[in-house]
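Given these sequences and hints, build the entire structure.
These protein sequences, in sequence, are chains X and D. When you line the first sequence up against the numbering used here, it's residues 1 to 87, in that order. When you line the second sequence up against the numbering used here, it's residues 88 to 174, in that order.
Think of the hints as simulated: they come from the structure by calculation, not from any bench. Warning: the hint list may mix true and false statements.
With a straight-line cut-off of 35 angstroms between C-alpha atoms, the simulated DSBU-like cross-links for lysine-lysine are [to be verified]: (1) D:K107 x D:K161; (2) D:K98 x X:K74; (3) X:K11 x D:K161; (4) D:K98 x X:K20; (5) D:K107 x X:K11; (6) D:K161 x D:K98; (7) D:K161 x X:K20; (8) D:K107 x X:K74; (9) X:K74 x X:K20; (10) X:K11 x D:K98; (11) X:K11 x X:K74; (12) X:K20 x D:K107; (13) D:K161 x X:K74.
There are 2 protein chains.
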Amino acid sequence: MIRARVNVLLKEDVMDPQGKAVGEALNSLGHHEVRNVRVGRCFDLNLTGEDPAAARVAIVEMCEQLLANTVIEKYDIHLVSAAGGMS
Amino acid sequence: MIRARVNVLLKEDVMDPQGKAVGEALNSLGHHEVRNVRVGRCFDLNLTGEDPAAARVAIVEMCEQLLANTVIEKYDIHLVSAAGGMS
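Dropping the structure here:
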């Protein structure tokens, strides 16, 4: 079993009003150190199989097909090894 | 400047119908290796300051106050160092 986390966020040059609202809310709560916030989605996936390279290829395909809108969004993939580390 | 990523997901024992729908969609697209999917939100934060320990304390407070509903959601925090590594 392979565990993976995929983060999908708007590209840097795309406006993120939700992130702006969260940043302003944090500022108004007293967190004046917050400068910029971007909001996105994350997906925790459990996959059968033991080959991390094959899993990564499959997940890229999932991102391109369904998980991300690659016109305006970027994604990054972190595989969680059996030992629990991120890569 | 400190960059941090916060992931907020439903706790394991809370039903995640959105994750279930995404998992079924991936299966129907031919990704039969996908067993379980959980969907959550992610926040990329830029904070002023250079102290990672202080930033982590502040971010925990932000999660408890605003970013997560800790009754049903869990969160994890990854600070991105100046060198670009995750911790």
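**Report entry** Index of numbered hints that the structure contradicts, given in increasing order
**Finding:** none
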